[in-house]
Each structure stands twice: as C-alpha cells, then as structure tokens.
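*Asks:* Sequence:
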Amino acid sequence: MPVSLIKEEEAHILKLLPILLRRDDHFRKEVSIVLSEALASKDEINKVLQEIKLSREEANKRFEQIQEEIRLSREETNKRFEEVDKRFEAVDKRFEA
122 MPVSLIKEEE AHILKLLPIL LRRDDHFRKE VSIVLSEALA SKDEINKVLQ EIKLSREEAN
182 KRFEQIQEEI RLSREETNKR FEEVDKRFEA VDKRFEA
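Just so you know, we're using the working numbering here: the sequence shown kicks off at 122 and counts up by one.
Keep in mind that a hint or two might mislead.
[To be verified] Straight-line distance between alpha carbons at most 20 Å, and here's what the computed SDA-like set of lysine to any residue pairs gives:
id: 1; residue 1: LYS200; residue 2: GLU189
id: 2; residue 1: LYS136; residue 2: LEU126
id: 3; residue 1: LYS168; residue 2: GLN186
id: 4; residue 1: LYS182; residue 2: GLU172
id: 5; residue 1: LYS200; residue 2: GLU190
id: 6; residue 1: LYS200; residue 2: ALA211
id: 7; residue 1: LYS150; residue 2: ILE140
id: 8; residue 1: LYS168; residue 2: GLU151
id: 9; residue 1: LYS174; residue 2: SER162
id: 10; residue 1: LYS168; residue 2: ALA180
id: 11; residue 1: LYS163; residue 2: LEU142
id: 12; residue 1: LYS182; residue 2: SER194
id: 13; residue 1: LYS150; residue 2: VAL169
id: 14; residue 1: LYS163; residue 2: GLU151
id: 15; residue 1: LYS214; residue 2: PHE202
id: 16; residue 1: LYS174; residue 2: GLU190
id: 17; residue 1: LYS182; residue 2: GLU165
id: 18; residue 1: LYS136; residue 2: ALA161
id: 19; residue 1: LYS163; residue 2: ALA180
id: 20; residue 1: LYS136; residue 2: GLU151
id: 21; residue 1: LYS128; residue 2: ARG144
id: 22; residue 1: LYS182; residue 2: LEU193
id: 23; residue 1: LYS168; residue 2: GLU185
id: 24; residue 1: LYS150; residue 2: GLN171
id: 25; residue 1: LYS128; residue 2: PRO139
id: 26; residue 1: LYS200; residue 2: GLN188
id: 27; residue 1: LYS163; residue 2: GLU179
id: 28; residue 1: LYS174; residue 2: LEU193
id: 29; residue 1: LYS182; residue 2: LEU170
id: 30; residue 1: LYS136; residue 2: ASP146
id: 31; residue 1: LYS174; residue 2: SER194
id: 32; residue 1: LYS182; residue 2: LYS163
id: 33; residue 1: LYS163; residue 2: VAL152
id: 34; residue 1: LYS214; residue 2: GLU203
id: 35; residue 1: LYS150; residue 2: LEU170
id: 36; residue 1: LYS150; residue 2: GLU165
id: 37; residue 1: LYS150; residue 2: LEU137
[Stated by the list, open to error] Here are the in silico distance ranges between beta carbons for each label pair:
id: 38; residue 1: GLU217; residue 2: GLU179; range: 53 to 61 Å
id: 39; residue 1: PHE202; residue 2: LYS182; range: 53 to 61 Å
id: 40; residue 1: LEU138; residue 2: ASN167; range: 43 to 51 Å
FYI, nobody ran anything at the bench for these hints, they're computed from the structure. The C-beta atom is built at its ideal place from N, Cα and C for all residues, glycine as well.
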C-alpha cells in the first residue's frame, strides 16, 4: 500500500474517530480496550500519585527527624565547648595565680 494512501486513511480515521466515539458505545468500548493495553487508566495514575504522595510524606517526616537530631547534636556540641571553655578559664586562672 503506498504511503500517500496510508496517510489519507489515517486522516480519514482521525476525522471519523471523535464522531464514532461519541455516537457508538460499542465502538468506544472496543477502542478503550485497545488503548488500555498501551495507556494507564485514571485509577492506575491516581494510585501512582497516591504512592508518590505517601513516599514524599514519609521522606518529609524522616527529614524532620534528621533536622531534630542535628539540632540536638549542635546543642550538645555547644554545651561541650562551653564546658571546655570553662576548664581553660580555670586553667588560665591557676597559671595567673
């Protein structure tokens, strides 16, 4: 079949397809079955989106936990440095005396 004839048939199908989909329930169902093998359904897309949402929420919770751990670690480190500073001050005072 020549390419030009195929292109003409494709153009004809594209013109008729919307009309047939609107008018003929059986045709619409058949096309839907064929397309379902190649395309994801709304339910499948919604399921994936829900899984992404849950994954993002879990990642956010973990990130918040890590931030809190870092904050606590900084506080502990600051306390240790303050204690070391006090010890150095005490040592300095001993040497001054």
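*Asks:* Of the hints stated earlier, which fail here?
*Replies:* Hints 3, 8, 13, 16, 17, 18, 19, 21, 23, 24, 27, 28, 31, 32, 35, 39 and 40 not satisfied by this model.
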